[in-house]
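Chain residues, written in single-letter form:
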Amino acid sequence: MSFLLECPRCGSRPVDEFAYFGEVTRRPKGSASLRELTEYVYFRDNVAGVQREWWQHRTGCGEWFLAERDTRTNEVLAIHLPQPERAQAGGAE
Amino acid sequence: MREIFFPKRMWRPRGDLKRRYDVVIVGGGSHGLATAYYLAKHHGVKDVCILERSYIGSGASGRNTTIIRANYRTPEGAAFYRESVRLYERLSSELDFNLMFSQHGHLTLAHSDRGLVVAQERAEVNKLLGIRSEVIGPDRIRELCPELDLSDKPAYPILGALYHPPGGIIRHDAVVWAYARGADRLGVEIHPYTEVTGFERSGDRIVAVETTRGRVECGQVVSATAGWSSLVGKLAGLRLPITTHILQAFVTEPLKPFLDVIIVSSQLHVYVSQTDRGEFLIGAEIEPYTTYKSTGTLSFLEYSARHALELFPQLEKTKVLRTWTGLCDLSPDYSPILGKTEIENFHVSAGWGTYGFKAAPIVGVTLAELVATQKTPALIAPFALERFYTDTLVSELAAAAVSH
Ligand SMILES: Cc1cc2nc3c(=O)[nH]c(=O)nc-3n(C[C@H](O)[C@H](O)[C@H](O)COP(=O)(O)OP(=O)(O)OC[C@H]3O[C@@H](n4cnc5c(N)ncnc54)[C@H](O)[C@@H]3O)c2cc1C
Ligand SMILES: [Zn+2]
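Chains as they are written, first to last, in the working numbering: chain A, 1 to 93; chain B, 1001 to 1404.
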């Protein structure tokens, strides 16, 4: 079976309603070298375990949000809306 | 006479691990086994072991839909896969094993002007490299595959196709077993149920491999772990530009044979072939999210069955027999990641996405040469991991997203 994902606005919906935008990555700061930029664009941790990742409720309300999902079981442990302050401070979101 | 009633082992049961091997190959799929075979066969490197966490062929090598073809989009890709098809054509006699390779032709349908343009581009690249490949119209398609619905009834009527006569299907298990047996006969050790759990590094070199059955020292390491490449890379301290997804397929109950060719439709996200047993073998695209959970989904069955019926409405009453799933290691440009890494004696075969089975023989030949000579063969130089550091990609998106 595929799995259910919880949209922060609409609640539990089949995963096929959502668009997946990959694991959360860290954008290099300032004037980055080519190597830092290509690391950021192409390289991924691709963990077998809990992953923080981007989703959008594409065929629903359109909201973008973050989920923590165990990629070994597809169990979704947490979802939350992105926080702009954190994004500015850590650059992680 | 009596011995025909007893199953014969195809390769020796595993013994104890030795303290050291010249070459340790991680992953007992088609790529690892082929590399071991050609190391021993072409280069006399026989102090080789294959470490496989489960049974031999348990990964994607035992789960793919066995499409073999060379009609890729980039000159680098097409030249590489062309050599693999040539090796496959001789492989049954080379390995003395009937691999049931049937080259009945491969059709990539075009349902739009854009689709026809892409087909034309691929045909031109292919022809320059001596690969048989041409764009054909509906009349010729009807001759090759009269059962296909070529009417204007489907949502996306068929306008033409890229026709690749040497494309075909093979018995994937036989390929795995034949390489394993061939490698074993040349002295390679095969260790199923032996998972690699770590690497011992000294500077830029790997000195030993830790496994669930103890530690082995090594001269060189090859990781041929496809969907698990990021995890094995991480154990060695190497980050890769790969994401792992599942790909699914299903077969129907057997029918009277009526489909010789392989039919692929990128627009409908589906492909169809008929096996030697008469089953219709139907596959689609990967699931978009990354996962290591090999469980199939109902939505896959629904949409791929619906789309297959757009092509072959006469399958309407046919029952689905079974469905399965395998892990795929997707690279950003749909081309493989092959050869040397920044760890001096750690080489990779990865980034195979949904299309790596057809490459097993040429991966084996070229990686064996690299390990034996320390030089990267020209054929695989474009696929070095380094291209992602320098941003010089080899995009096969047009020829590899749905066509495996
Ligand atoms: C449904 C499906 C359809 C496909 N269709 C096609 C097709 O039509 N044509 C085509 O060319 N390709 C196709 N592919 C892709 C193709 O199957 C793969 O690219 C190819 O088989 C990869 O071979 P491999 O030997 O590199 O990997 P695998 O066969 O996956 O072998 C990797 C092995 O590494 C082992 N391993 C992993 N981690 C460890 C560890 N830590 N220690 C020890 N061992 C480990 C795994 O158990 C596994 O056996 C398809 C794939 C799927 C899933
Ligand atoms: Zn929503």
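Wrong hints could be hidden among the right ones.
What the hints assert, rightly or not - List time: in silico SDA-like cross-link candidates among lysine to any residue, alpha-carbon distance up to 20 Å:
#1 B/1234 with A/23
#2 B/1234 with A/40
#3 B/1317 with B/1294
#4 B/1234 with B/1003
Think of the hints as simulated: they come from the structure by calculation, not from any bench.
Quick caveat, the model's predicted, so the values are computed rather than measured.
| request: Given the hint that residue 1234 of chain B pairs with residue 40 of chain A, test it: the Cα-Cα distance must not exceed 20 Å. | output: 17 Å, holds
| request: Compare the distance between the alpha carbons of residue 1317 of chain B and residue 1294 of chain B with 20 Å, and conclude whether the hinted pair is satisfied. | output: 28 Å, violated
| Straight-line alpha-carbon gap residue 1234 of chain B to residue 1003 of chain B, limit 20 Å | 47 Å, violated
| said: Please verify whether residue 1234 of chain B and residue 23 of chain A have alpha carbons no more than 20 Å apart. | reply: Given pair residue 1234 of chain B, residue 23 of chain A holds - Cα atoms ~16 Å apart, limit 20 Å.
Violated hints for the displayed structure, listed by number in ascending order: 3, 4.
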